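**Student:** Letter by letter, the chains look like this.
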Amino acid sequence: MPKLTIDGREIEVAPGTTIIQAAEVLGIEIPRFCYHERLTIAGNCRMCLVEVEKAPKLVASCSMPVGEGMVVKTATPNVLKARRGVMELMLINHPLDCPICDQGGECDLQDQAVAFGRDRGRFAEAKHAVRQKDFGPLIKAEMTRCIHCTRCIRFSTEVAGVPQLGGIGRGEHMEIDTYVTKALESELSGNLIDLCPVGALTNKPYAFKARPWELKKTESIDALDALGSHIRIDARGAEVMRILPSNCDDLNEEWLGDKSRFSCDGLARQRLDQPYIRENGKLRPASWDEALALAASKLKGARPDQVAAIAGDLACAESMAALKDLLDGLGSPHRDCRQDGARLDPAVRAGYLFNATIAGIEQADALLLVGTNPRKEAPVLNARIRKRWLKGKFPVAAIGPKADLTYRVDHLGTSAALLDAIAKGTHPFAATLKAAQKPMLILGMGALRRQDGAQIQAAARGLAEACGLVKEGWNGFSVLHTAAARVGGLDLGFVPGAGGKDIHGILDGATKGEMAVVYLLGADEIDMSRLGKAFVIYQGHHGDAGAHRADLILPGAAYTEKNATYVNTEGRAQRTTLAVFPPGQAREDWKILRALSDALGKPLPYDSLSQVRARLAAINPVFGQPGKRVGAAWGAFGSPGAVADAALATAIDNYYMTDPIGRASPTMAVSVETFLAGAKPRTGTHG
Amino acid sequence: MSMHREEPASFAFSSDNEARAKAIIAKYPAGRQQSAVMPLLDLAQRQIGGWLPRIAMDYVADYLGMPPIKVYEVANFYTMYNVKPVGKNHVQVCTNLPCWLRGSDQVVHACKKTLGIGLGETTKDGQFTLSEVECAGACVNAPVVAINDDYYEDLDEATITRVLEALKRGESPKSGPQNGRLNSAPLGGPTTLKGGA
Ligand code: SF4
Ligand code: FES
Ligand code: FES
Chain A
17 MPKLTIDGRE
27 IEVAPGTTII
37 QAAEVLGIEI
47 PRFCYHERLT
57 IAGNCRMCLV
67 EVEKAPKLVA
77 SCSMPVGEGM
87 VVKTATPNVL
97 KARRGVMELM
107 LINHPLDCPI
117 CDQGGECDLQ
127 DQAVAFGRDR
137 GRFAEAKHAV
147 RQKDFGPLIK
157 AEMTRCIHCT
167 RCIRFSTEVA
177 GVPQLGGIGR
187 GEHMEIDTYV
197 TKALESELSG
207 NLIDLCPVGA
217 LTNKPYAFKA
227 RPWELKKTES
237 IDALDALGSH
247 IRIDARGAEV
257 MRILPSNCDD
267 LNEEWLGDKS
277 RFSCDGLARQ
287 RLDQPYIREN
297 GKLRPASWDE
307 ALALAASKLK
317 GARPDQVAAI
327 AGDLACAESM
337 AALKDLLDGL
347 GSPHRDCRQD
357 GARLDPAVRA
367 GYLFNATIAG
377 IEQADALLLV
387 GTNPRKEAPV
397 LNARIRKRWL
407 KGKFPVAAIG
417 PKADLTYRVD
427 HLGTSAALLD
437 AIAKGTHPFA
447 ATLKAAQKPM
457 LILGMGALRR
467 QDGAQIQAAA
477 RGLAEACGLV
487 KEGWNGFSVL
497 HTAAARVGGL
507 DLGFVPGAGG
517 KDIHGILDGA
527 TKGEMAVVYL
537 LGADEIDMSR
547 LGKAFVIYQG
557 HHGDAGAHRA
567 DLILPGAAYT
577 EKNATYVNTE
587 GRAQRTTLAV
597 FPPGQAREDW
607 KILRALSDAL
617 GKPLPYDSLS
627 QVRARLAAIN
637 PVFGQPGKRV
647 GAAWGAFGSP
657 GAVADAALAT
667 AIDNYYMTDP
677 IGRASPTMAV
687 SVETFLAGAK
697 PRTGTHG
Chain B
26 MSMHREEPAS
36 FAFSSDNEAR
46 AKAIIAKYPA
56 GRQQSAVMPL
66 LDLAQRQIGG
76 WLPRIAMDYV
86 ADYLGMPPIK
96 VYEVANFYTM
106 YNVKPVGKNH
116 VQVCTNLPCW
126 LRGSDQVVHA
136 CKKTLGIGLG
146 ETTKDGQFTL
156 SEVECAGACV
166 NAPVVAINDD
176 YYEDLDEATI
186 TRVLEALKRG
196 ESPKSGPQNG
206 RLNSAPLGGP
216 TTLKGGA
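If you read the protein sequences in the order shown, they are chains A and B. Each residue of the first sequence is one higher than the one before, starting from 17 at the first, in our numbering. Each residue of the second sequence is one higher than the one before, starting from 26 at the first, in our numbering.
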């Protein structure tokens, strides 16, 4: 391992490390524009010049590997002079329009100009300007500000796998462009905004809305897919202005999907901000006392086996636990958190987790996708698969929908019957899996939602066992969820109790008029027409499908407005942090249920968040270890049986609108128009 | 641009060019066919008559299995490729440093005057397009103008005017140095290797 000295401090690093990386380890920051640790090295901006003893001239530290005995100096007069020169060069054609630029206050160019530049320019010549470009509804391009670092080109080519940006022209006339005007067709396009070190690519929906120093920044967890990406919520007053990714090497690295980033304008629209009661077919505002009293009387007035509850995709663990306890108190066993009808066996935890883990994808050496389109279901996870694929020797095959996943996929067919063929070894892909050290299978909700979902789950288990996916130190059987609430709900046992009905049973029962009260905890993706004559209580935050059907509305909090727990698809319990308060009279969800239990005269035994969380941990110890991924032991799950020959489909056909927040978001609406022109208007996580 | 040529609706290599393209691709190791992008773009440009519409770039991208943007980058980087239609004679004046030191300003001036157009423009009759290009790689005979595939070298105001006038008349003026010099030998004749064949 080469040893070198940087600014008089010795350090030993792995061979191949670059000087800038070695300096980072020592905490010495070298300014840079083009270098980014998650992209390939371009070495074109020259901001990172340093002095290396015995080198004839300054070297670009981002692209120079360390050598044994190197003596590096990062702050000599020569280096400072060079930085000043680079800054000046960079600003020759830069418009210096910081007062009208959204990047102002969080701009690398601005910061580094202040830190390393001259205090005035010497160029009186006319500046180069670039004609206006249209990069679609999410990215605002002001390319006159571009410094040609090519981070955006490298991101879209390497990470997003959608090579649509390039450097057109040369020298002074080089422009970053798609050449053919079109929006960037990637679910990860928003990351370009974070990567661009200047104000050339900025957040279009957020344009001119706020300055970074006015924003309150809250670290939290995303709930719009099942990945649990780490995010930062930037709010001003009561409004969420924007959402950014936060670094998490285990999950999202530093990326975020466009839905999770740009749906936030939906948080301010279609909100339920006070209780409503339906009277003569019309909803009228009501007070909390009145609403809770009505809910209590309806619940008390019904026979326990005529009461049912369904938890939606955004429900937090706290509220699901409270609702489950409340139902238990009433004596009703009818509940389900699988509103999409997924026939997931809740009995064995390893049967519904993404056991390989997201970071574990990088260790896998063969992959089979079953009934899933990870690019739509979890774009950041898909980028991880692509990252692994780029390293080579990673055969990927798919059974199910044919789609461009940004890496090479061997499409085996659409029939679920192929699972058996692979398990029996009659299909050639079985050999590929068996030859692999760490083979992996991703099972999507599209496969489990079918009538024979339980049989498919069992067939996938059979395949996993037959092809060596589960072994000492490795479990490649991975279920990819689409709902943030799902694993938490299964971990809590928000599934039918003894003799209880599942989602299908509840809906069938309600259709037949056997259900007196149905409690929807943020459940909007079910067929509301099947609720029959039941009295429907909707607790949630958006006026979506559930609220339209409801007889009583209890306004709850969105994931940005509460301290709540979600368990991601890997089985990692994570906690969101309240960034803004719920609007109007809306309340944190567990508190609503706690208040309802009072009205019922059967108070739930917790009065504070910490007590609710103690209860969560008591139900399942997974909740007692927030932030930590808790794996699970293998077992027998699913219902062995015949699998229908029907084609496997993906769970999501409209990436931008899978939940009430997305459906309320104007930005998601234009995204659908732009990217899914011709797509069916029907939205949500329906199969 | 006064002369207007529409973007063609379709493009495919002629059978001759198809054969040439195959031969070019065969020069590169299997799986490295993308290396053939430049000669293939040149084939396409010649087939179309001097320029590369987008459909031709897309065709080449597809032919070589590479993302279209990578082909756009190449085609827009080199002045050898024209992404807009050009006149029958594409007059490309080099204005890089060596040519500039040797008088390319006067050459540009003469071209503008003789053709009656500015840089980047095409004459109304579609006969001439005037462009400014980076180093043409013939600095030793600076200043240099490339007209289609021919180099006219050692120019000054008078000689480039003569060349252009001849082209206007439909003649084919002799390419190479215009000041009597033999190839790149010193002005006034070779000073070494005199006895050679
Ligand atoms: S647009 Fe931004 S990221 Fe892209 S090259 Fe220009 S400065 Fe770099
Ligand atoms: S950061 Fe090293 S050259 Fe740009
Ligand atoms: S500078 Fe004109 S040919 Fe090189």
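You may find that some hints are simply not true.
Result set (BS3-like, lysine-lysine): computed pairs, CA atoms no more than 27 Å apart in a straight line [stated by the list, open to error]:
no.: 1; chain 1: A; residue 1: LYS198; chain 2: B; residue 2: LYS109
no.: 2; chain 1: B; residue 1: LYS95; chain 2: A; residue 2: LYS198
no.: 3; chain 1: A; residue 1: LYS403; chain 2: B; residue 2: LYS95
Some chain A residues flagged as far from chain B (calculated, every beta-carbon gap over 10 Å) [unchecked claim]:
no.: 4; residue: ILE27
no.: 5; residue: PRO111
no.: 6; residue: GLY182
no.: 7; residue: GLY185
no.: 8; residue: GLY187
no.: 9; residue: GLU235
no.: 10; residue: GLU689
Treat the hints as calculated values from the structure; they're not laboratory data. Small disclaimer: the values here were computed from a predicted structure and weren't measured. For glycine and all other residues, C-beta sits at the position ideal for the given N, C-alpha and C.
**Student:** Of all the hints given earlier, name the ones this structure violates by number, lowest first.
**Tutor:** 6, 7, 8
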